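S.K.: In terms of UniProt numbering, the sequence shown has 67 at position 67, counting the first letter as 1, and numbering is strictly consecutive.
Treat the hints with care, as some may be off.
Here are the simulated DSBU-like cross-link-like pairs (lysine-lysine), alpha carbons at most 30 Å apart as the crow flies [to be verified]:
{"id": "1", "residue 1": "Lys23", "residue 2": "Lys35"}
{"id": "2", "residue 1": "Lys203", "residue 2": "Lys47"}
{"id": "3", "residue 1": "Lys11", "residue 2": "Lys197"}
{"id": "4", "residue 1": "Lys197", "residue 2": "Lys13"}
{"id": "5", "residue 1": "Lys80", "residue 2": "Lys35"}
{"id": "6", "residue 1": "Lys18", "residue 2": "Lys80"}
{"id": "7", "residue 1": "Lys11", "residue 2": "Lys23"}
{"id": "8", "residue 1": "Lys80", "residue 2": "Lys47"}
{"id": "9", "residue 1": "Lys103", "residue 2": "Lys216"}
{"id": "10", "residue 1": "Lys35", "residue 2": "Lys47"}
{"id": "11", "residue 1": "Lys103", "residue 2": "Lys76"}
{"id": "12", "residue 1": "Lys197", "residue 2": "Lys169"}
{"id": "13", "residue 1": "Lys11", "residue 2": "Lys203"}
{"id": "14", "residue 1": "Lys47", "residue 2": "Lys11"}
{"id": "15", "residue 1": "Lys197", "residue 2": "Lys167"}
{"id": "16", "residue 1": "Lys169", "residue 2": "Lys216"}
{"id": "17", "residue 1": "Lys35", "residue 2": "Lys76"}
{"id": "18", "residue 1": "Lys35", "residue 2": "Lys167"}
{"id": "19", "residue 1": "Lys167", "residue 2": "Lys13"}
{"id": "20", "residue 1": "Lys216", "residue 2": "Lys35"}
{"id": "21", "residue 1": "Lys169", "residue 2": "Lys35"}
{"id": "22", "residue 1": "Lys167", "residue 2": "Lys203"}
{"id": "23", "residue 1": "Lys35", "residue 2": "Lys99"}
{"id": "24", "residue 1": "Lys11", "residue 2": "Lys167"}
{"id": "25", "residue 1": "Lys99", "residue 2": "Lys80"}
With beta-carbon atoms standing in for the labels, derived distance ranges [said to hold, decoys possible]:
{"id": "26", "residue 1": "Gly172", "residue 2": "Ile77", "range": "24 to 34 Å"}
{"id": "27", "residue 1": "Thr184", "residue 2": "Ser163", "range": "14 to 24 Å"}
{"id": "28", "residue 1": "Gly20", "residue 2": "Asn63", "range": "40 to 50 Å"}
{"id": "29", "residue 1": "Ser65", "residue 2": "Asp140", "range": "30 to 40 Å"}
{"id": "30", "residue 1": "Ser65", "residue 2": "Ala250", "range": "40 to 50 Å"}
By construction, these hints were calculated from the structure, which means they are not laboratory data. Everything numeric in this text was worked out from a predicted model, so none of it was measured. Backbone N, C-alpha and C define an ideal beta-carbon position, used for all residues, glycine too.
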Amino acid sequence: MQSQTGQQEVKVKGIVFKSGSTKIAVPITGDTTEKIIQEAHAAVAVKPDVIEWRIDFYRDVFNPSDYLATVNALRKILGKIVLLTTFRTSSEGGHRSRKDDQKYFSLISRILRGRLTDVVDIELNRDQYQVAHLVQLAHDQRIAVIMSNHEFEQTPPEVEIRSRLEKMKRAGADIAKIAVMPQTPADVLTLLNATYKAHQRLKLPLITMAMGDLGKVTRISGSIFGSVLSFAAVGNASAPGQLSVSESRADLESLKF
Numbered sequence: 001m002q003s004q005t006g007q008q009e010v011k012v013k014g015i016v017f018k019s020g021s022t023k024i025a026v027p028i029t030g031d032t033t034e035k036i037i038q039e040a041h042a043a044v045a046v047k048p049d050v051i052e053w054r055i056d057f058y059r060d061v062f063n064p065s066d067y068l069a070t071v072n073a074l075r076k077i078l079g080k081i082v083l084l085t086t087f088r089t090s091s092e093g094g095h096r097s098r099k100d101d102q103k104y105f106s107l108i109s110r111i112l113r114g115r116l117t118d119v120v121d122i123e124l125n126r127d128q129y130q131v132a133h134l135v136q137l138a139h140d141q142r143i144a145v146i147m148s149n150h151e152f153e154q155t156p157p158e159v160e161i162r163s164r165l166e167k168m169k170r171a172g173a174d175i176a177k178i179a180v181m182p183q184t185p186a187d188v189l190t191l192l193n194a195t196y197k198a199h200q201r202l203k204l205p206l207i208t209m210a211m212g213d214l215g216k217v218t219r220i221s222g223s224i225f226g227s228v229l230s231f232a233a234v235g236n237a238s239a240p241g242q243l244s245v246s247e248s249r250a251d252l253e254s255l256k257f
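All chains should be modelled from the sequences, with the hints used to inform the complete structure.
M.R.: Following this line, the structure appears as structure tokens:
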């Protein structure tokens, strides 16, 4: 749907991802069902808008029966909280190598067909035919797609950041996400400039961040520049520079206008 300003909005279980309103997501990174359930209870206690299940950490992720039992238990704990399911590969900061590609596509397809998530993360830099198939499958099941790209070594030029976000939109993303690693304050400004310009041009909900301590400001300034979701930690952070939920909530509130 679109707002009166022409900006697209994405609504999932009562949560609206839109310009000027940054929601909070808490990642779960347990490697066993027991740890996942423990982390879920801790995450629910701080009342985030979204819980991101990083299934690349889960040791039994490719076992269909174990996965189904775990996701059903997890969704029962989450209740009305939005579940974002993410399988991050090692080349983009995750815990699974690209040799698992075919397993990845089969797994995500099974998750989508079973409607076992509310939102799914799909990496941009994968086989484009397979990406298109997953996007179509997600939309057929009315599951929102976050398309993502992560740079853990550098910050690309502004034009390249915008180009990748535009490519995500063309590929059918409901929300486009990019994370970069700044080496200088100028890199942080590059990310923020790219975010603002892409926000104005694409009219698509964006998630952008510069990682590490240098980029912390980008995690709380989304309402100004156009980023709709910030990832915050309960316990272990899943990416460099993540703030705690309490810090994120207070800082996001102070920057509202």
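S.K.: None of the hints should be skipped; say for each whether it holds.
M.R.: Hints versus structure:
1. Lys23 / Lys35: With a Cα-Cα distance of about 25 Å, the restraint between lysine 23 and lysine 35 holds, given a limit of 30 Å.
2. Lys203 / Lys47: Holds, at about 28 Å.
3. Lys11 / Lys197: holds, 23 Å
4. Lys197 / Lys13: Holds, at roughly 29 Å.
5. Lys80 / Lys35: Cα-Cα ~21 Å, so holds.
6. Lys18 / Lys80: holds, 19 Å
7. Lys11 / Lys23: holds, 12 Å
8. Lys80 / Lys47: The given pair, whose Cα atoms are some 10 Å apart, holds under the 30 Å limit.
9. Lys103 / Lys216: Between lysine 103 and lysine 216 the Cα gap is close to 34 Å, so the pair fails against 30 Å, i.e. violated.
10. Lys35 / Lys47: holds, 19 Å
11. Lys103 / Lys76: Roughly 26 Å between the alpha carbons, so the hint for lysine 103 and lysine 76 holds.
12. Lys197 / Lys169: Between lysine 197 and lysine 169 the Cα gap is close to 14 Å, so the pair holds against 30 Å.
13. Lys11 / Lys203: Measuring from Cα to Cα gives roughly 15 Å; hence the hint holds.
14. Lys47 / Lys11: holds, 18 Å
15. Lys197 / Lys167: holds, 15 Å
16. Lys169 / Lys216: holds, 26 Å
17. Lys35 / Lys76: Given pair lysine 35, lysine 76 holds - Cα atoms ~16 Å apart, limit 30 Å.
18. Lys35 / Lys167: violated, 36 Å
19. Lys167 / Lys13: Distance ~27 Å between lysine 167 and lysine 13 Cα, so the pair holds.
20. Lys216 / Lys35: holds, 28 Å
21. Lys169 / Lys35: Given pair lysine 169, lysine 35 is violated - Cα atoms ~35 Å apart, limit 30 Å.
22. Lys167 / Lys203: Holds. Lysine 167 to lysine 203 sits at ~14 Å (cutoff 30 Å).
23. Lys35 / Lys99: holds, 26 Å
24. Lys11 / Lys167: Holds. Lysine 11 to lysine 167 sits at ~22 Å (cutoff 30 Å).
25. Lys99 / Lys80: Not OK: lysine 99 and lysine 80 at ~35 Å, beyond 30 Å, violated.
26. Gly172 / Ile77: 24 to 34 Å: Since glycine 172 and isoleucine 77 have Cβ atoms about 31 Å apart, the given range 24 to 34 Å holds.
27. Thr184 / Ser163: 14 to 24 Å: holds, 21 Å
28. Gly20 / Asn63: 40 to 50 Å: holds, 42 Å
29. Ser65 / Asp140: 30 to 40 Å: violated, 25 Å
30. Ser65 / Ala250: 40 to 50 Å: Because 42 Å falls inside the window, the suggested range holds.
When the structure is compared with the earlier hints, violations turn up for hints 9, 18, 21, 25, 29 and for no others.
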